[in-house]
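Spelled out from the first residue to the last, the chains are:
There are 2 protein chains.
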Amino acid sequence: MDEREKLAWEPVKTEHIVQDRWIDFRKTEFRMPDGSLLGPFYNYSRRSYVVIIASDEAGRFLCVRQYRQGIGRVTTEFPAGGIEPGGGSGQDVAPDFITQPDEGADEEEALEAAVRELREETGYVSDCWSHVITAPSDATISDNYAHIFRAKNCRKAGGQELDDSEYLHVELKSPEQIDGLIREGGFQQIVHMLGWMLVKGE
Amino acid sequence: MDEREKLAWEPVKTEHIVQDRWIDFRKTEFRMPDGSLLGPFYNYSRRSYVVIIASDEAGRFLCVRQYRQGIGRVTTEFPAGGIEPGGGSGQDVAPDFITQPDEGADEEEALEAAVRELREETGYVSDCWSHVITAPSDATISDNYAHIFRAKNCRKAGGQELDDSEYLHVELKSPEQIDGLIREGGFQQIVHMLGWMLVKGE
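Those protein sequences? They're chains F and E, same order as listed. Counting from 1, one number per residue, gives the positions in the first sequence under the UniProt record's numbering. Counting from 1, one number per residue, gives the positions in the second sequence under the UniProt record's numbering.
Just chain F, same shape as in the assembly (with noise of 0.2 Å):
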């Protein structure tokens, strides 16, 4: 960071109020570039997560059906999931806590949950994927980040094969109606609609 900017922040005391295996919820004081101390500012740790935007040989899109508890209503979204340290996908592996050194998801390892996801929730697989961007998933409380691909041709491989907290259902839409379910608010999570911003059109 340019030093002379003079806009960071300098963390004074850091209280860790829920740290499990699902999140590392934090109590932040901070104090401000004038000297002067400032809180408390919350911010959090989670898996970070791949979203994967995927269209068969006709070119219609992936879509899952699902319950988002966070706002408390089933949406429309691209199939989605948490990346494990060391690659895997699954719950199964997790560890004791989610906050480890280095436990940042590298591209090679997003891509292997990519590929494991979109087998799991849909049942489909393909053979051209390619990376969108990977971003924060909230740059302002949280420092997970979100790994968006793209997977061309797929096709039917198999059954969902689904974790313990995953009912959904598997929809496929064209591209208009994508763009009429986010212009209708029903299409809600605002990652996956960047990476169609960013894909869509290609």
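The hints are simulated quantities; they were obtained by calculation from the structure and are not laboratory data. Note that the Cβ used here is the ideal one computed from N, Cα and C, for glycine as well. Check before you lean on any hint, since a few could be wrong.
Here are the simulated EDC-like pairs of lysine to aspartate or glutamate, each with C-alpha atoms no more than 16 Å apart in a straight line [said to hold, decoys possible]: (1) F:K27 x E:D20; (2) E:K156 x E:E120; (3) F:K200 x F:E176; (4) F:K156 x F:D56; (5) E:K173 x E:E184; (6) E:K13 x E:E29; (7) F:K6 x E:D34; (8) E:K152 x E:E184; (9) E:K6 x F:E166; (10) E:K27 x F:D20; (11) E:K173 x E:D56; (12) E:K156 x E:E171.
Far from chain F, some chain E residues (derived; all Cβ distances over 10 Å) [stated by the list, open to error]: (13) D20; (14) M32; (15) P40; (16) F41; (17) R60; (18) E109; (19) V115; (20) E120; (21) G123; (22) D138; (23) I141; (24) E161; (25) E176; (26) Q177.
Partial selection, computed: residues in chain F whose CB lies under 10 Å from chain E [claimed, not checked]: (27) A8; (28) W22; (29) K27; (30) R46; (31) I71; (32) E161; (33) S165; (34) L168; (35) H169; (36) L172; (37) K173; (38) I182.
We have chain F already, so just place chain E on it with the hints.
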């Protein structure tokens, strides 16, 4: 919701872990669609917020550089700020608890906050406002909303008037510069990127 889908989870027990004027952070156990109990799942309420994609009469976009404690880095992004119940955006009138009945901001309150936030963060004003999109900030874990607005033909009308926690620099960027920052990972707010993709080229 379509009952036939049987996708919704039923909250069985909720514990409010932190509940103050900034956040209501909860831990919830749910009954899954098959009747099994699963948890913990974490979610939270925070203030909904506005993002303003503002350009001056020369077509340059108003960006701010500031420290984002979630990722612990200085970011370049568009002006943005939280919405207080009643339409304000300052910290002075914040309620004791973030979770209030009917706390969601309507579009009129959001627009008022956007006009004020642009003025306070940058000193610029506009006579040409439009609404771009409103969407959940993160449907997976929170129930606050991002309201994205577009402001054209902005002109300087004064200096900054910043809150205690706001240390930010204003920078004017061309559309090409913003595209470049996004491509290079220098523009890291996903909601802001989505807004940019929705308005660019208009």
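Results of checking the hints against the structure:
1. F:K27 x E:D20: holds (12 Å)
2. E:K156 x E:E120: Status holds; Cα separation ~11 Å.
3. F:K200 x F:E176: Given pair K200 of chain F, E176 of chain F holds - Cα atoms ~10 Å apart, limit 16 Å.
4. F:K156 x F:D56: Given that 16 Å is the threshold and the Cα spacing comes to 9 Å, the pair holds.
5. E:K173 x E:E184: holds (15 Å)
6. E:K13 x E:E29: Distance ~5 Å between K13 of chain E and E29 of chain E Cα, so the pair holds.
7. F:K6 x E:D34: violated (54 Å)
8. E:K152 x E:E184: Cα-Cα ~26 Å, so violated.
9. E:K6 x F:E166: With Cα atoms ~12 Å apart, K6 of chain E and E166 of chain F stay inside 16 Å; holds.
10. E:K27 x F:D20: Holds. K27 of chain E to D20 of chain F sits at ~12 Å (cutoff 16 Å).
11. E:K173 x E:D56: Judged against 16 Å, a Cα distance of about 10 Å means the pair holds.
12. E:K156 x E:E171: Status holds; Cα separation ~13 Å.
13. D20: Given that some Cβ of chain F is not farther than 10 Å from that of D20 of chain E, nearest at about 8 Å, it is violated.
14. M32: violated (7 Å)
15. P40: violated (7 Å)
16. F41: Check fails; 5 Å does not lie beyond 10 Å.
17. R60: It holds; R60 of chain E is separated from chain F by about 20 Å at its closest Cβ, greater than 10 Å.
18. E109: holds (18 Å)
19. V115: Holds: least Cβ distance 21 Å, greater than 10 Å.
20. E120: Its Cβ never comes within 10 Å of chain F, the nearest being 17 Å, so this holds.
21. G123: holds (18 Å)
22. D138: Incorrect as stated: the minimum Cβ-Cβ distance to chain F is 6 Å, not above 10 Å.
23. I141: Violated, since 4 Å does not exceed 10 Å.
24. E161: Holds, because the least Cβ-Cβ distance between E161 of chain E and chain F comes to about 16 Å, which exceeds 10 Å.
25. E176: Since the minimum Cβ distance to chain F is about 17 Å, E176 of chain E lies beyond 10 Å and the statement holds.
26. Q177: Q177 of chain E clear of chain F: closest Cβ-Cβ about 17 Å, beyond 10 Å.
27. A8: Hint holds; A8 of chain F Cβ to chain E Cβ min 5 Å, cut 10 Å.
28. W22: holds (7 Å)
29. K27: holds (7 Å)
30. R46: holds (8 Å)
31. I71: With a closest approach of 5 Å, the I71 of chain F hint holds.
32. E161: With a closest approach of 16 Å, the E161 of chain F hint is violated.
33. S165: holds (6 Å)
34. L168: Holds, because the Cβ-Cβ distance from L168 of chain F to chain E comes to roughly 7 Å (cut-off 10 Å).
35. H169: holds (6 Å)
36. L172: Because about 16 Å separates L172 of chain F from the closest Cβ in chain E, which is outside the 10 Å limit, the hint is violated.
37. K173: violated (16 Å)
38. I182: holds (8 Å)
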